[in-house]
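J.: Going down the list, the sequences are from chains A and B. Position 236 of the first sequence, counting from 1, maps to 236 under the working numbering, and the rest follow consecutively. Position 184 of the second sequence, counting from 1, maps to 184 under the working numbering, and the rest follow consecutively.
Wrong hints could be hidden among the right ones.
[As the list claims (entries may be wrong)] Once the Cα atoms are required to be at most 20 Å apart in a straight line, the calculated SDA-like pairs of lysine to any residue come out as:
#1 A:268 <-> A:234
#2 A:193 <-> B:141
#3 A:309 <-> B:225
#4 B:306 <-> A:131
#5 A:77 <-> A:103
#6 B:141 <-> A:262
#7 B:85 <-> B:111
#8 B:141 <-> A:260
#9 A:2 <-> B:351
#10 A:77 <-> A:106
#11 A:193 <-> B:6
#12 B:141 <-> A:252
#13 B:306 <-> A:100
#14 A:193 <-> B:351
#15 A:77 <-> A:90
#16 A:193 <-> B:2
#17 A:193 <-> B:270
[As the list claims (entries may be wrong)] Take a look, some chain B residues computed to stay more than 12 Å from chain A by CB distance:
#18 90
#19 179
#20 274
[To be verified] Here are some, though not all, of the chain A residues that point toward chain B, as calculated from beta-carbon distances under 10 Å:
#21 29
#22 39
#23 41
#24 61
#25 63
#26 99
#27 143
#28 165
#29 171
#30 178
#31 204
#32 209
#33 213
#34 224
#35 249
#36 333
It is worth saying that the hints were derived from the structure and are not from the lab. A virtual CB, placed ideally from N, CA and C, is assigned to each residue, including glycine.
The lines below spell out each chain.
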Amino acid sequence: MKRPLSGCRVLDLGIITAGAATSALLADLGAEVVKVESPSYRDPFRNWSADGPQPRDGPPFFRFTNRNKRAISLDLKRPQGRALFLRLAAESDVVLENFRRGVMARLGIDYAALRAVNPRIILASISSQGEAGPDANYVSFGSTLDAMGGLAWLTGYADGGPVVSGRDINYPDQVVAIFAAGMVVTAWLARAKTGAGAHLDLSQRELTSFLVGEAFVAGDVTAPRNGNAQAPFALQDCFRVAGGDWLAVTVAPEELSALRTLIGESGKAASAVELGTALARWLGERPLAAATAALASAGIAAAPVLDGKQALEERGRLWRIAIAETAAGVAVKGFPFQLERAPLAIEREAPAIGADTAQVLARLGGYTRAEIEALASAGAIECAPHSINAMQG
Amino acid sequence: MRPLEGFTILEASAEDCALGIRLAIALAGRIAADLGAEVVKIEPPEGDPVRRVPPLLGNGESALFVFLNAGKRSVVLPSGTAGGKAAFGQLLAAAHAVIADAALAGTCELESALGARLPARARRVAAILSLLAPPAPPELKASEFTVLALGGMLDLVGEAERAPLRLGGHQAAYAAGLAAYTGLVAGLCGTGAEPEIVRVSMLETVLWLNWKSLATASWSGVAPTRAGRAAEWQVLRCADGWVALVYQEVDWPALCRLAGDARLADPRFAERDGRLRHLRALADILEECFLKLTRRQIHETALAEKLPLGPVSSPEELARDPHYLARDFLARVSLDAETSIAMPRLPVVWSGTHFAPGPVPALARRPSPVPT
Numbered sequence: 001m002k003r004p005l006s007g008c009r010v011l012d013l014g015i016i017t018a019g020a021a022t023s024a025l026l027a028d029l030g031a032e033v034v035k036v037e038s039p040s041y042r043d044p045f046r047n048w049s050a051d052g053p054q055p056r057d058g059p060p061f062f063r064f065t066n067r068n069k070r071a072i073s074l075d076l077k078r079p080q081g082r083a084l085f086l087r088l089a090a091e092s093d094v095v096l097e098n099f100r101r102g103v104m105a106r107l108g109i110d111y112a113a114l115r116a117v118n119p120r121i122i123l124a125s126i127s128s129q130g131e132a133g134p135d136a137n138y139v140s141f142g143s144t145l146d147a148m149g150g151l152a153w154l155t156g157y158a159d160g161g162p163v164v165s166g167r168d169i170n171y172p173d174q175v176v177a178i179f180a181a182g183m184v185v186t187a188w189l190a191r192a193k194t195g196a197g198a199h200l201d202l203s204q205r206e207l208t209s210f211l212v213g214e215a216f217v218a219g220d221v222t223a224p225r226n227g228n229a230q231a232p233f234a235l236q237d238c239f240r241v242a243g244g245d246w247l248a249v250t251v252a253p254e255e256l257s258a259l260r261t262l263i264g265e266s267g268k269a270a271s272a273v274e275l276g277t278a279l280a281r282w283l284g285e286r287p288l289a290a291a292t293a294a295l296a297s298a299g300i301a302a303a304p305v306l307d308g309k310q311a312l313e314e315r316g317r318l319w320r321i322a323i324a325e326t327a328a329g330v331a332v333k334g335f336p337f338q339l340e341r342a343p344l345a346i347e348r349e350a351p352a353i354g355a356d357t358a359q360v361l362a363r364l365g366g367y368t369r370a371e372i373e374a375l376a377s378a379g380a381i382e383c384a385p386h387s388i389n390a391m392q393g
Numbered sequence: 001m002r003p004l005e006g007f008t009i010l011e012a013s014a015e016d017c018a019l020g021i022r023l024a025i026a027l028a029g030r031i032a033a034d035l036g037a038e039v040v041k042i043e044p045p046e047g048d049p050v051r052r053v054p055p056l057l058g059n060g061e062s063a064l065f066v067f068l069n070a071g072k073r074s075v076v077l078p079s080g081t082a083g084g085k086a087a088f089g090q091l092l093a094a095a096h097a098v099i100a101d102a103a104l105a106g107t108c109e110l111e112s113a114l115g116a117r118l119p120a121r122a123r124r125v126a127a128i129l130s131l132l133a134p135p136a137p138p139e140l141k142a143s144e145f146t147v148l149a150l151g152g153m154l155d156l157v158g159e160a161e162r163a164p165l166r167l168g169g170h171q172a173a174y175a176a177g178l179a180a181y182t183g184l185v186a187g188l189c190g191t192g193a194e195p196e197i198v199r200v201s202m203l204e205t206v207l208w209l210n211w212k213s214l215a216t217a218s219w220s221g222v223a224p225t226r227a228g229r230a231a232e233w234q235v236l237r238c239a240d241g242w243v244a245l246v247y248q249e250v251d252w253p254a255l256c257r258l259a260g261d262a263r264l265a266d267p268r269f270a271e272r273d274g275r276l277r278h279l280r281a282l283a284d285i286l287e288e289c290f291l292k293l294t295r296r297q298i299h300e301t302a303l304a305e306k307l308p309l310g311p312v313s314s315p316e317e318l319a320r321d322p323h324y325l326a327r328d329f330l331a332r333v334s335l336d337a338e339t340s341i342a343m344p345r346l347p348v349v350w351s352g353t354h355f356a357p358g359p360v361p362a363l364a365r366r367p368s369p370v371p372t
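So that you can see chain A by itself, here it is in the shape it has in the complex (with noise of 0.2 Å):
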């Protein structure tokens, strides 16, 4: 199927969240993607397991983010190992990385090096605080940017200090994928029409800042901290249902009257926070299913606090397409949206290091069997078993 970025070939140095997932979506657009790793150095999320009992299938999140690549190894640290990699540059169409700042000048193979090899070149460098500036060798993971950011001074209860989204969501490594991933099908669809390469400096500190744009847009206007509470809507929090669970709820002003109505306030003046008291009162006493069923027939928004195996059982019910499955029915990240004529699918499981070395170097760089196999056995590259002996003649 033709795809929007049927065509476009990736040289991905992405790692972990925030550079795989990116070219994870790219794949599922149609770019033809490389992962490139090296024998002296890989994506650290192949050994990074998450806690607790252990799968079968392999590293899981490393499963999850790298389905719909190609993987190649190259040691980029010997002047042979770079030699390839911008052999391969020359003929792809982006490259994208998330390195520490000052890690492609070092291997030699900065912005500059590829659009010596590559006039056309894209290259989209994902980093914590951008390439430039007096903070640009700051280090991060996802919550360090909730932080430095201004998200976790707007996160929090009303009588608490800031809160990060934490290890197990980390959001601004998550949420950049979807942003760089549309930048740089930007840039391609540009350099379509003016021929013009591009460098895009993507720094995950500002995407934050950008994402909570309107409370630098307020200033000091912004109450820092407000819980579950948000403008326009009268009353939003979460309530403990009869058993314990959680409820979410949204009442917006035009629905005060039905929910005083509903909980037996109608015709008492109580105020925001009195009704909310009321509300919990009430929600308290009805179990789970009663109380969001006797809401929705108010015409007021609720939903069950679901953790994520429970929002998992909900596949199927609620929702379809971000978790996916290959086609041995492995579970893998899906899609964050959707495209009718050309819709993202799941076509090929993670790949072994080194899976298409052989493969992508005689494809695209024109070396034979037997330069494949002197590099390998110099070290320079690294070939998954049996590999070489797929190679065509």
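Given chain A's structure and the hints, the job is docking chain B onto it.
T.: The following block gives chain B in isolation, referenced to the frame of chain A:
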């Protein structure tokens, strides 16, 4: 030249469109506008309801509206009239793409309206957004907040014994807006004669962001939940505010050097497994240490030692942050003689150039004549 110059994109929503979807549509449009597209926001005569959402600035404008609509053109069309419909049709006929909510898309038959190709143009696109989408039952009423609940994001934030907590701002809406933008621009890359339809369900986007929790549940049968003070990464107090404690195993020695407290040498804390069993005790000790350090001191050590600690800044402080100033991240924009605001630019520097946000459109007093 900006990358989307020459593209025209409409933003439209039905009268009863959910606030979260209005914000998502507007964010997608703001990104396109900063990248050089001509973005036309269609408003009813009384204006987009977002214009009235607090907090309001000194001049009475909504901070949300100002942020989301910089750089756009506003066109007022009377809703529910034949004239309004015809004018919308004309605007649609000349646009490359439209961003709309599902209710509007249903009533105005967007797909067939976009069916006619523009002369010498690539594929046309409709990005259609909703809080929920099939297979969710259509009668299920939702809000941005209840979508966060269903997506498992609320459960992960806050204190274990207190109510689950939303992230600040409108993260679900804005993430859906990012998805709409990326889907839309991908659609514009296509070449088919049929218009591309981008479907964004806010719930799917939230679940996609929360994949780690779902992934963990998929193999272990157990999902993580919020742990508050017993979380491995959390916010601690320091001398002049707060700092996010974020670190990996490899960072432990540098963290101990920064804290400089002999109690951290306790064998309980020597390995990650031990630290995980004593997270509250560890947080208490580290907070005591951090209370002797300012955010600037922690910042400088973190920068030098490559520690991923996060000093907490407010947006107001960030407007004066040396790094943001060096990168021109915030433009000072005057709304009138007395109101000047800090406006974040699009978070991308494009081959050394950044794109300054445009002016915020005022609401026209009467329906706009449709350009011919």
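J.: Next, verify each hint and record whether it holds.
T.: Evaluated hints:
Annotation: proposed proximity of residue 268 of chain A to residue 234 of chain A holds, straight-line Cα distance about 16 Å (limit 20 Å). For the proposed pair residue 193 of chain A and residue 141 of chain B, the alpha carbon gap of about 44 Å is over 20 Å, so the pair is violated. For the hint pairing residue 309 of chain A with residue 225 of chain B, the CA-to-CA distance comes to about 10 Å; that is within 20 Å, so the pair holds. Distance restraint check for residue 306 of chain B and residue 131 of chain A: the Cα-Cα separation of roughly 16 Å lies within the 20 Å cut-off, and the hinted pair is therefore satisfied.
Between residue 77 of chain A and residue 103 of chain A the alpha-carbon distance is near 10 Å, which keeps this suggested pair within the 20 Å criterion. Annotation: proposed proximity of residue 141 of chain B to residue 262 of chain A holds, straight-line Cα distance about 17 Å (limit 20 Å). Between residue 85 of chain B and residue 111 of chain B, the direct Cα distance comes to roughly 15 Å. Compliance with the 20 Å bound is thereby established for this hinted pair. Simply put, residue 141 of chain B and residue 260 of chain A have alpha-carbon atoms about 18 Å apart, close enough for the 20 Å limit, and the pair holds.
For the proposed pair residue 2 of chain A and residue 351 of chain B, the alpha carbon gap of about 29 Å is over 20 Å, so the pair is violated. A hinted pair counts as satisfied when its Cα atoms are at most 20 Å apart, and residue 77 of chain A with residue 106 of chain A qualifies at roughly 9 Å. For the hint linking residue 193 of chain A to residue 6 of chain B, the alpha-carbon distance of about 11 Å falls within 20 Å, and the restraint holds. For the given pair, residue 141 of chain B sits about 12 Å from residue 252 of chain A by alpha-carbon distance, which is consistent with the 20 Å threshold.
Distance hint between residue 306 of chain B and residue 100 of chain A is fulfilled; the C-alpha atoms sit about 10 Å from each other, no more than 20 Å. A hinted pair counts as satisfied when its Cα atoms are at most 20 Å apart, and residue 193 of chain A with residue 351 of chain B qualifies at roughly 17 Å. Taken as a hint, the residue 77 of chain A and residue 90 of chain A pair is honoured in the structure, with Cα atoms around 19 Å apart against an allowance of 20 Å. Proposed proximity of residue 193 of chain A and residue 2 of chain B is supported: the alpha carbons are some 12 Å apart, at most 20 Å.
For the given pair, residue 193 of chain A sits about 57 Å from residue 270 of chain B by alpha-carbon distance, which is inconsistent with the 20 Å threshold. For residue 90 of chain B, the condition that its CB be more than 12 Å from all CB atoms of chain A holds, with the nearest at approximately 25 Å. Interface exclusion of residue 179 of chain B from chain A breaks down, the closest Cβ pair being 4 Å apart, not more than 12 Å. The claim that residue 274 of chain B is not at the interface with chain A holds, since no C-beta of that chain comes within 12 Å of its own (minimum 14 Å).
Against a cut-off of 10 Å between C-beta atoms, the interface hint on residue 29 of chain A holds, since the closest Cβ of chain B lies about 5 Å away. With a least beta-carbon distance of about 21 Å to chain B, the hint placing residue 39 of chain A at the interface is violated under the 10 Å criterion. Below 10 Å, beta-carbon pairs count as interface contacts, and residue 41 of chain A has none with chain B, the closest being about 14 Å; its hint is therefore violated. At its closest, the beta carbon of residue 61 of chain A sits 7 Å from a beta carbon of chain B; the interface hint therefore holds under the 10 Å criterion.
Residue-level restraint check for residue 63 of chain A holds (minimum Cβ-Cβ distance to chain B is 9 Å; threshold 10 Å). Checking residue 99 of chain A against chain B by beta carbon gives a least distance of about 13 Å; that is not within 10 Å, so the hint is violated. At a threshold of 10 Å, the smallest CB-CB gap from residue 143 of chain A to chain B is about 5 Å, leaving the interface hint in force. The criterion of a C-beta within 10 Å of any C-beta in chain B is met by residue 165 of chain A, whose closest approach is roughly 6 Å, and the hint holds.
The beta carbon of residue 171 of chain A is positioned within 10 Å of a beta carbon in chain B (closest approach about 6 Å), and the interface hint is therefore held. The beta carbon of residue 178 of chain A comes within 4 Å of a beta carbon in chain B, closer than 10 Å, and the hint placing it at the interface holds. Interface hint status for residue 204 of chain A: upheld, as the beta-carbon distance to the closest one in chain B is roughly 8 Å, under 10 Å. A hinted interface residue such as residue 209 of chain A counts as satisfied when its beta carbon comes closer than 10 Å to some beta carbon of chain B; here the least separation is about 6 Å, so the hint holds.
Given hint, residue 213 of chain A at the interface with chain B, holds; its Cβ is 4 Å from that chain's nearest Cβ, closer than 10 Å. For residue 224 of chain A, the interface hint holds, since its Cβ comes within 10 Å of a Cβ in chain B; the closest pair sits about 7 Å apart. Nearest Cβ of chain B to the Cβ of residue 249 of chain A: about 8 Å, under the 10 Å cut. The hint holds. Interface hint status for residue 333 of chain A: upheld, as the beta-carbon distance to the closest one in chain B is roughly 5 Å, under 10 Å.
Hints 2, 9, 17, 19, 22, 23, 26 from the earlier list are contradicted by this structure; the remaining hints agree with it.
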